[in-house]
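A.B. asks: Using the sequences provided together with the hints, build the complete structure.
For the sequence shown, position 60 matches number 60 in my numbering, and the numbering has no gaps at all.
Worth double-checking, as some hints may not be accurate.
[What the hints assert, rightly or not] Quick list of in silico lysine to aspartate or glutamate cross-link-like pairs, DMTMM-like style, CA-CA up to 20 Å:
no., residue 1, residue 2
1, Lys32, Glu58
2, Lys32, Glu51
3, Lys32, Asp69
4, Lys28, Glu51
5, Lys28, Glu58
6, Lys28, Asp73
7, Lys28, Asp69
8, Lys32, Asp73
9, Lys41, Asp63
10, Lys41, Asp69
11, Lys60, Asp39
12, Lys60, Asp73
13, Lys41, Glu66
14, Lys41, Glu68
15, Lys28, Glu68
It is worth saying that the hints were derived from the structure and are not from the lab.
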Amino acid sequence: MPDCTSRSHPVPNARRQDQAGAREGNRKIEAKAVARILDAKTRAVVGHLFEWNTGQIEPKWTDDIEREDVIYDYA
1 MPDCTSRSHP
11 VPNARRQDQA
21 GAREGNRKIE
31 AKAVARILDA
41 KTRAVVGHLF
51 EWNTGQIEPK
61 WTDDIEREDV
71 IYDYA
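C.D. replies: Dropping the structure here:
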């Protein structure tokens, strides 16, 4: 039976700190709005464009209806 106090004996279900940090870089944790999405005809705000901590850019529509004829206002 291995000695449970030795350093070579791993602790079950324990995450190493460097592994935890690496995983957070791949998870969506925080996003910031980088642009307003405007309807091209009415100029009404129909959503916002968000950039996540992973670098992924994703639209969020105000009424959950995706549109194609839009303007991205980065002001």
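A.B. asks: Next step is simple, just say for each hint if it's right about the structure.
C.D. replies: Results of checking the hints against the structure:
1. Lys32 / Glu58: Holds. Lys32 to Glu58 sits at ~10 Å (cutoff 20 Å).
2. Lys32 / Glu51: The given pair, whose Cα atoms are some 6 Å apart, holds under the 20 Å limit.
3. Lys32 / Asp69: violated (23 Å)
4. Lys28 / Glu51: Holds - the C-alpha atoms of Glu51 and Lys28 are around 10 Å apart, at most 20 Å.
5. Lys28 / Glu58: Holds: Lys28 and Glu58 sit about 11 Å apart, inside 20 Å.
6. Lys28 / Asp73: Not OK: Lys28 and Asp73 at ~24 Å, beyond 20 Å, violated.
7. Lys28 / Asp69: violated (28 Å)
8. Lys32 / Asp73: Roughly 15 Å between the alpha carbons, so the hint for Lys32 and Asp73 holds.
9. Lys41 / Asp63: Judged against 20 Å, a Cα distance of about 17 Å means the pair holds.
10. Lys41 / Asp69: holds (8 Å)
11. Lys60 / Asp39: With a Cα-Cα distance of about 14 Å, the restraint between Lys60 and Asp39 holds, given a limit of 20 Å.
12. Lys60 / Asp73: Status holds; Cα separation ~14 Å.
13. Lys41 / Glu66: Within the cut-off at roughly 15 Å; holds.
14. Lys41 / Glu68: holds (12 Å)
15. Lys28 / Glu68: violated (25 Å)
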